[in-house]
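Let's have the full structure, built from the sequences with the hints guiding it.
So the sequences go chain by chain: R and L.
Going by the numbering used here, the first sequence opens with residue 1, and the numbers climb by one from there.
Going by the numbering used here, the second sequence opens with residue 1, and the numbers climb by one from there.
Mixed in with the good hints, there may be bad ones.
[Said to hold, decoys possible] Here are the simulated SDA-like pairs of lysine to any residue, each with C-alpha atoms no more than 20 Å apart in a straight line:
1. Lys26(L) with Glu385(R)
2. Lys124(R) with Glu385(R)
3. Lys375(R) with Val31(L)
4. Lys26(L) with Leu392(R)
[Stated by the list, open to error] In silico negatives: residues of chain R with every beta carbon more than 12 Å from chain L:
5. Val14
6. Glu310
7. Pro338
[As the list claims (entries may be wrong)] Covered stretches of chain R (in silico footprint by chain L; criterion: 3 or more residues with CB under 8 Å from a CB of chain L, positions within the stretch not fixed):
8. 312-319
9. 380-388
FYI, nobody ran anything at the bench for these hints, they're computed from the structure.
Treat the numbers as computed from the prediction; the structure is a model and nothing was measured.
The C-beta atom is built at its ideal place from N, Cα and C for all residues, glycine as well.
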Amino acid sequence: MRKVYLDYAATTPVRPEVVSAMAPYWTEKFGNPSSIHTWGREAREVIEQARASIAASLGAEPEEIIFTSSITTSDNLAVAGVINALPQKRGHLVTTQIEHHAILDLFKSLEKQGFEVTYLPVDKNGLVDLEILRQSLRPETILVSIMFANNEVGTIQPIAEIGDLVKEVSEELNREILFHTDAATVMEYLPVKVKELKVDLLSFGPHKFGGPKGVGVLYIKKGVKLAPLTFGGHHEQGLWPGTEPTPLIVGTAAALELAAKERETAVVRVKKLRDRLIAGVLEKIPDTRLTGDEVKRLPNMASFIFKGVEGEAVLLRLDAEGIAASSGSACTSGDLRPSHVLLAMGIPAEEAHGSVRFSLGRETTSEDIDYVLEKLPEIIKILREITPNLCLTEEA
Amino acid sequence: MADLTSLYSKKVLDHFYHPRNVGEMKNPDGVGTVGNPVCGDVMRLFIKVEKKNGEEYVSEAKFQTLGCGAAIATSSMATEMIKGQPLKEAVKLTNKAITEALGGLPKNKIHCSVLAAEAVKKAVADYRRKSSK
Numbered sequence: 001m002r003k004v005y006l007d008y009a010a011t012t013p014v015r016p017e018v019v020s021a022m023a024p025y026w027t028e029k030f031g032n033p034s035s036i037h038t039w040g041r042e043a044r045e046v047i048e049q050a051r052a053s054i055a056a057s058l059g060a061e062p063e064e065i066i067f068t069s070s071i072t073t074s075d076n077l078a079v080a081g082v083i084n085a086l087p088q089k090r091g092h093l094v095t096t097q098i099e100h101h102a103i104l105d106l107f108k109s110l111e112k113q114g115f116e117v118t119y120l121p122v123d124k125n126g127l128v129d130l131e132i133l134r135q136s137l138r139p140e141t142i143l144v145s146i147m148f149a150n151n152e153v154g155t156i157q158p159i160a161e162i163g164d165l166v167k168e169v170s171e172e173l174n175r176e177i178l179f180h181t182d183a184a185t186v187m188e189y190l191p192v193k194v195k196e197l198k199v200d201l202l203s204f205g206p207h208k209f210g211g212p213k214g215v216g217v218l219y220i221k222k223g224v225k226l227a228p229l230t231f232g233g234h235h236e237q238g239l240w241p242g243t244e245p246t247p248l249i250v251g252t253a254a255a256l257e258l259a260a261k262e263r264e265t266a267v268v269r270v271k272k273l274r275d276r277l278i279a280g281v282l283e284k285i286p287d288t289r290l291t292g293d294e295v296k297r298l299p300n301m302a303s304f305i306f307k308g309v310e311g312e313a314v315l316l317r318l319d320a321e322g323i324a325a326s327s328g329s330a331c332t333s334g335d336l337r338p339s340h341v342l343l344a345m346g347i348p349a350e351e352a353h354g355s356v357r358f359s360l361g362r363e364t365t366s367e368d369i370d371y372v373l374e375k376l377p378e379i380i381k382i383l384r385e386i387t388p389n390l391c392l393t394e395e396a
Numbered sequence: 001m002a003d004l005t006s007l008y009s010k011k012v013l014d015h016f017y018h019p020r021n022v023g024e025m026k027n028p029d030g031v032g033t034v035g036n037p038v039c040g041d042v043m044r045l046f047i048k049v050e051k052k053n054g055e056e057y058v059s060e061a062k063f064q065t066l067g068c069g070a071a072i073a074t075s076s077m078a079t080e081m082i083k084g085q086p087l088k089e090a091v092k093l094t095n096k097a098i099t100e101a102l103g104g105l106p107k108n109k110i111h112c113s114v115l116a117a118e119a120v121k122k123a124v125a126d127y128r129r130k131s132s133k
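Following this line, the structure appears as structure tokens:
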């Protein structure tokens, strides 16, 4: 059976070049980077080379880059680290209703601790309104955290404009409001330069673009004060203590270098395939719509709502045909509510249950798209035949 | 390929991929509709009732379901379990019995079996209401 992986937004295969780059650091050059002997020094050296390479790619300084254990950890350290460094344990925070749970769950926890949180709404395409953002900022606002591009629908926020706005309001208020962005989904396809984006904190991790899992990166602008969440040593400026995972850090730099080098061709290639998938699906399957912004979207993302079917059922049937996709339906989350992202975009719950996300990547081929366009219409047809007629005809 | 049974039992997968008794029944004697599209699950269960030796029994059962793999599998299994059963037995079908017949369900999917058992009860109640008129 043909196997078609269209869940690159969940994770990506590690690229062979990255595997080779990491190879020596498991067995041969295994030293603890904190040790002073040869083994330790050679590990320290490659970690610092990796840090410098990543910093250069982002237009940052090496000391502005720290390594954590995942993108979720980077998000948590960015926001909770700022909070922990505050002299007072109160204030106002701003985020959006469509963040990843790494941010949303953290903000909910901070709310319980007494912080005030504004969850910005988004429009039907998933875009934040800058005027609403401006109005939400006030003298006691500490930090704004807005994701670069959404992981379910692919809508890209105007991060540079948001960065400008936050700086402008900071000047008006004569106090600094920090700006964090979760850039988990964008590193392969969008150029990310921290100074142009005017971000103070930015998190990402390499497993989304051909690198290993188990490592995250956090950019912290010089002068931004963070206090650690965990304790145990001087590692990573004391902000993420623990022996550095040398191979994973080397793999992060290798994956980012490759992604940056190939970005322009990768965007053109994947977008062409993605656009063909979207056009084909909308043409072949009635009562289907695309979610997210048509233009301001990641080039590899195609998310749909199929009326009258449930997402998990679609995923199971796709899986039986060898196709991997993902869904924002309640049944895939263990929760009875469907995707908070789709609900925030004003999509009714009964439709949000029928959401399916296809995310393409480096190894996606034209034949893969043909195969999906051959199998998917039949799958939706079979499931709709099982659906009660009243769900297909009545508007709930 | 990794075995899907880490997610669902073989029986659940069998009933999901090959649902029994699917479709809308023409002139049913009883219909039970449960769930609601906002929650992502809607089940409709149709029955035909006949009498044999003075006892009412389910001569035919069909279903239509909008929902996840477990919702479709539990509906399919419920129709199989009540077909040919005396009505007074069919109405006693529990969600536990459906779950067991399917070789178990993940915890977060137990509610699907509850819906399927409710659909049977509602279909029988609908039949009784109609036949008492």
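A quick look at each hint next to the structure:
Distance restraint check for Lys26(L) and Glu385(R): the Cα-Cα separation of roughly 15 Å lies within the 20 Å cut-off, and the hinted pair is therefore satisfied. The suggested pairing of Lys124(R) with Glu385(R) is violated, with an alpha-carbon distance near 30 Å, which exceeds 20 Å. Restraint check for Lys375(R) and Val31(L): not satisfied, since their Cα atoms lie roughly 33 Å apart, outside the 20 Å limit. A C-alpha spacing of about 18 Å is found between Lys26(L) and Leu392(R), which places the hinted pair at or below 20 Å, so the restraint holds.
Residue placement check: Val14(R) keeps its beta carbon more than 12 Å from all beta carbons of chain L (closest about 18 Å). Chain L draws Glu310(R) into its interface by the beta-carbon criterion, the shortest separation being 5 Å against a cut-off of 12 Å. For Pro338(R), the shortest C-beta to C-beta distance to chain L comes to about 7 Å, within the 12 Å cut-off, and the non-interface label is violated. Note: the segment 312-319 of chain R has 5 residues with beta-carbon separation from chain L under 8 Å; the three-residue rule is met and the coverage holds.
Counting residues of the segment 380-388 of chain R whose CB lies closer than 8 Å to any CB of chain L gives 4, which reaches the minimum of 3, so the coverage claim holds.
Hints 2, 3, 6, 7 from the list above are not met by this structure, while the remaining hints are.
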